[in-house]
Amino acid sequence: KLQGMDEGLKVCIKSNQDSLLSAYRLKFTEVQKEMEELRVKLTEEKLKLQRDQMIVVLEKERDWYREELDKSEARRKKIEAAHKKMQVEYEEAKEDRDLSLIHISEPTRPLYISYAVFCLKKKK
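Okay, so the sequence shown: first residue is 640 according to our numbering, each after it adds one.
Wrong hints could be hidden among the right ones.
What the hints assert, rightly or not - Only pairs whose alpha carbons sit at most 25 Å apart, straight line, appear in this in silico BS3-like list of lysine-lysine:
id, residue 1, residue 2
1, K710, K723
2, K666, K680
3, K699, K710
4, K649, K666
Please keep in mind that the hints were generated in silico from the structure rather than gathered at the bench.
Required output: the full structure, derived from the provided sequences and hints.
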């Protein structure tokens, strides 16, 4: 009886071999497509992760440059204030240069406190 079943099974397999092979190929193709989709998805996720990491790096750099810009702006304002002060001092010194001494009086008394008068004339 077993031999008969074995023979029947062999005949059944032989007669259905093409359809079994076709079904196997179809399933294999589906699995390959699914694997390719998963590879593509993995690649996209890796790229997204790399992009997100790059964004974090760029944001840190941007923040550093903003801080440096703020520091530079503060230094520029200090320099600008010093420049304005120097301009005022220069103008005052320039006005002083335009004066000439025309007379110095003798000290008023030879004591500890004494006064003298300076006469200045503006140069032309």
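These are the hints, each one checked on the structure:
At roughly 20 Å between alpha-carbon atoms, K710 and K723 fall within 25 Å of each other, so this suggested pair holds. Of the pairs offered as hints, the one joining K666 and K680 holds, with about 21 Å between alpha carbons and a cut-off of 25 Å not exceeded. The straight-line distance between the Cα atoms of K699 and K710 is roughly 17 Å, inside the 25 Å bound, and the hint therefore holds. Proposed proximity of K649 and K666 is supported: the alpha carbons are some 23 Å apart, at most 25 Å.
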